[in-house]
Amino acid sequence: MTSRLEFWQGNTACAEGALAAGCNFFGGYPITPSTEVAEHMAAKLKKNGGVFIQMEDEIASMASIIGASWTGARAMTATSGPGFSLMMENIGFAAMTETPCVVVNVQRGGPSTGQPTMSAQGDMMQARFGSHGDYAIIALCPATVQEMYELTVKAFNLADKYRVPVFLMADETIGHMREKILIPDTVERIGRKPLLPGTLPFKADADLIPGFGKFGTGHHVHVTGLTHDERGYPSATNPKLHAALVQRLVDKIENARYDMADYDIINPEASKVFIAYGAPVRTVQQVMHDKKDKDLGFLRLRTVWPFPEKALAGFRNVQAFFVPEMNLGQIAREIERHVKVPVISIPKLGGELHTPADLVAALEAHQ
Amino acid sequence: MKLAIDETRCKGCNLCIKVCPYKIFNEGRKLNRKGIAIPELDRPERCANCRLRNLYGRQICGVCQLTCPDQAIHWIEEEPYEPHKVAIEY
Amino acid sequence: MSFEDWYRQDRLPHIYCAGCGNGTIINCTLAAIDQMGWKKEETVFVSGIGCSSRAPGYILTDSLHTTHGRALAFATGVKMANPDLNVVVFTGDGDLAAIGGNHFIHACRRNIDITVVCMNNQIYGMTGGQGSPTTPLGCLSSTTPFGCAETPFDLCELATAAGANYVSRWTSYHVKELEKAVKVGLETPGFSFIEALVQCPTAFGRRNKFRQVADHVEYLRSHSLLKAKRDRMLESGEKIPGDMFVVGELTRRNRPAMGVKP
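Residue numbers (the working numbering), protein chains in the order written: chain A, -18 to 348; chain B, 19 to 108; chain C, 157 to 418.
FYI, nobody ran anything at the bench for these hints, they're computed from the structure. Ideal placement from N, C-alpha and C gives every residue a C-beta, glycine not left out. There could be a bad hint or two in this list.
Selected chain B positions facing chain C (in silico; Cβ < 7 Å) [stated by the list, open to error]:
1. Cys31
2. Asn32
3. Lys48
4. Pro87
5. Asp88
Just chain A, same shape as in the assembly:
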């Protein structure tokens, strides 16, 4: 498989990855630092037979991609912190109705308007628990421009396979940096499971995923955010039905945690292990390169939700985990739940990346 070499911005790579994956609908609203994704899609989608529409706000953007997804389109939107908060109600709707869609969040300094042009990773918990009620989603974190491309393609495949909103949690650093990228000639495309005639539209198979009956094919699917039975009809006052439905929505993703888990383990015998995702990965890589210490390990996460806790068990001699994040320890909190050894959170607020000296200082402080 030949590939071609390009020098692209992260946001451009994300948009190109979407186009390669067959994205044919983008409904978005401009917000720094994700605007370039929308602009690139506005220029290129029409040539690929797709539709671009700039909606009036982020709520409408999320709504429009859900509507488009139900007509069979591969739909995507891109936003940042404030827009992400606005989209939450409709994200819950997508999770409840099992609508495949991809939401790119190029994170910026928060809370509120925060630092529009500086980097952060403050939305990680919000991606998992942002909407009301219990549900499960998938979140992928790219650390390079190459991963922006590849993980966007993966996001569409995971969304279609599991019928769930998938979040690409990038950050302003990766979104705005320019880097070398190798574009493959073709990318893998895994489509939605079709709805067989005569099957109920929300009846799941053994893998807890129902077939997808897109609009216009005569299945007459009624899609509702109310608690619904297998026919799709609202049935909001049935306790057992609601419990079963919500449990299935969560189990559908959580049970398949390791089918979709994507991470690298370096030096599994180490006693001090870094865990990182997104931009801090690059700092950790620099420290590992400088120190060349066999006793320093690294768990590089690409899927952060559902959290692959078995990866933590891959480090048998670990005495402490070090988690550099551009937030006040959101994933460190999740890691703490699963391990007995100390988890040292290395937060960095303000918009700048961790320096290698920051990480080394943290290592030395915990001797």
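Assemble chains B and C onto chain A, guided by the hints.
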């Protein structure tokens, strides 16, 4: 054809009585098992659709059916030789 | 084919109260769609939240029952992604004008090729009778127990000002005219907005002295002023009573539309 009100659906709102241009309905007096007084057909021979649907081959009037919020009004074919009053137009 | 064939018979009788105007409006809309000769496979209903928005659950086509106020945004996504589908939106006055106000004006501005039937019962019926942006001045509701202190929206004027191609208003009394108006809306390319004033006996009627459903419908009939008559009255300088509302085809024009079937 004759007009039939579906007892499983009618909720007794009496809107059909109000909107019929030929005033064929009257308020019901007897309560049925659901506690609803279904409207009675006072002058069914005046219903334009009952009389003329088969003659013209399409729905005539039908305001009661469109208005009924519970989709309780239907027209059904009568039994052969079923007795019914006829209004003669001059 | 009659409009009855479009219902999901296994879900009837529906949840609407006795005498609810929504049932009437759904009948008229389905009758108009039936006359257009559309197929069930190529028609999609979209709705928000509320009594009016329960309607698509009773209709035998693909349908999208979405979040409160956002029906038009979802409908825009459906129509733009697949312009071959016929999209009809059911909303209510609160769903459309309160939380959905922004989406309403943008959908009108874009002039997207969908038809919106708004069942305006001037109250929030589903949640128990709170005031809505179209509750008339002085009317009682559960959140305006001393009479509504806000002037209401005129949804048709709003749609016209924002750019809709076809705007018309009828009531649940005028079933035949409403059916024709919906049919014209379905035929007109661009954004078609049909406002239907309906009675809500349980929430509005009970609090505002309409003891019988028929009384409220009579009020709707007697306070509706045909557009032609209103124009004549304006010309002759007669004063139009404040509680009358205009019914009929209020706007019809040919602004450029989006998402029209090629």
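* **Violations among the numbered hints** => 3
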